[in-house]
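Residue numbers (my numbering), protein chains in the order written: chain W, 5 to 404; chain B, -5 to 186.
Since the hints were made in silico from the structure, they are not lab data.
Take these hints with a grain of salt, some might be off.
[Claimed, not checked] Here chain B is said to cover these stretches of chain W; the calculated rule only asks that three of the stretch's residues, wherever they fall, bring their Cβ under 8 Å from a Cβ of chain B:
| hint | stretch |
| --- | --- |
| 1 | 128 to 134 |
| 2 | 177 to 184 |
| 3 | 276 to 283 |
| 4 | 357 to 365 |
All C-beta atoms in this analysis are idealised placements derived from N, C-alpha and C, irrespective of residue type, glycine included.
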Amino acid sequence: MFEQLEGSVAVAKAVARCRPEVVCAYPITPQTHIVEGLSRMVWDGSLAPCEFINVESEFAALSVAIGASATGARAYTATASQGLLYMAEALYNAAGLGLPIVMTVANRAIGAPINIWNDHSDSMSQRDCGWLQLFAEDNQQAVDLHVQAFRIAEELSLPVMVCMDGFVLTHAFEQVELPTADQVDEFLPSYQPRQVLDPQAPVSIGAMVGPEAFTEVRYLAHVGHQRALSVIPEIGSRYGSIVGRPGVSLVSPYFSAGADTVVIALGSVLGTLKDTVDGLRADGHRVGVLGITSYRPFPAAAVRAATDGARRVVVVERSLAPGGGETVTTDVRSALAGSGVEISTVIAGLGGRPIIRTSLRAMITAAEGDALEPLTFLDLDRDAIAAVLTSTSAPTGGTR
Amino acid sequence: MYEVRIHGRGGQGAVTAAELLSVAAFDAGSTAQAFPSFGSERAGAPVVAFCRIDDRPIRLREPVVTPDAVIILDPTLLHAVDVFQGLKPGGVVLINSAHPVADLGLTELTDEGRAGVVCVSATEIALRHFGRPLPNGVMLGGFAALTGVVPIADIERALRDRFAGPIGEKNAAAAREAFDSVQISHQEAAGV
């Protein structure tokens, strides 16, 4: 049954159907509606048994989730932006301890300057923390990814971030079909922890590991992510067979087969990109789109297969690595090494700047004419930049 | 695809109006998408919200730049923001105003026949029905009459579902009054 819901409400309902036993979060825009929804369900008893724990910070929120998960509870939290940064230390611990926590990241820029709007700087900044990162293209996918994330996390003993674009998805009303409670129960059995903290049978987890074994522990973290590359699609197809629509796969190709130019992106910009590409294809352009759903682990083989035969790839990135430029492109480059495909990076939609079809169309046609710089900033206000550069390069004590 | 842009000031319910319009359109069997603008949301500051209505899934996420309809919840915005920007030829404009269109100085729009402009005294209707100067739901009733894009019954149901109890009923009744008043003024304009 389709419903017309706000993205945050849809996600809160989907998470509730996964029967989390502990939810703890600290409010931060644009994540707030999700945890407000869950707190109301715990309060009115519609989500039970579940403890909603109010905490004083994001660091505490994730620390409580870690503690809860270590005692064998299914734990969930959500955050965004600076909140994710404040969790950073605990993020690595959750992954290192192998705790299958699921967290929504309502993607938002990072300050300074303060900015509450959408880009991917927050989750990209935690690329290497050991969590899986799955990116939703629309609110249907956000709902479906959350349910699958719990199963993936528990199967792999690894925490999973479900990334959904702040405001663009969290605050958008659109139709979604929630999996029914019965479908979720069939898909997601109760959590069977591999080990638990129990005073009756004491164990240590996260004990110190010295130089003799630390490399091996880290290697195994990489192996866990590599295993995820097969577990994610398996679980996706199991979910798909239960709910009757495709589950999550690692990538989502859109007319990329046989295309000369393939645009790679993550998240909600994919919808606008697909509409842009429809227009270009109608005019005879051989262009396609490749959505990356699983950013960590990075599906190098799937990216290679989906871009086979392409002459060029344009990676649209929603964050910037100052001093280097690219983030996602680094992964794409390494996946396509030796293929001879030309790769360029377009930084777009930082801090909530809308990404519009006319700009994407111009970007693609520039790429087709080999006129796209290796690193381009979409819709950059060059006059504003020139004015700032002129004023800051003027000698101090100049004319006033 | 039918695209609507709603202008208001923080606190007048522009975002809620877009959401409710999307719910009403969905209930009427369309696909719909509503989302807020990405500006600062403070009480009194100009706010923009968008709604798209179509008969197939909507993937587009860019702001509505060429609206088929513009709804203006606060007439003081007429001279503060370019509320008509990108309006499609033949598009419609619904303004919350106690004054007739002729008094608003919108000759550029009305004389060239670029747009059908209609006023609804939505704040006055809202005050009379539920005692608060909230024009958003009322204006949706006027929108239903002006465009025929969404049936008034679905607007009324969306209002009843959103606001529980008597407040929902009063909002629905206020929207119905706006619907009737726009229909009557349309019929008069057409000489019926």
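Taking the hints in turn, this is what the structure says about them:
Here's how the stretch 128 to 134 of chain W fares: 0 of its residues keep a CB closer than 8 Å to some CB of chain B, so the rule of at least three is not met and the hint is violated. Under the rule that three or more residues need a Cβ within less than 8 Å of chain B, the assignment of the stretch 177 to 184 of chain W holds, with 3 such residues. As drawn, the stretch 276 to 283 of chain W meets chain B at 3 residues by the rule of a beta-carbon pair under 8 Å; at three or more, the given contact holds. With a threshold of 8 Å between beta carbons, the proposed coverage of the stretch 357 to 365 of chain W by chain B holds, since 4 of its residues qualify and at least three are required.
The earlier numbered hint that this structure contradicts is number 1, and it is the only one.
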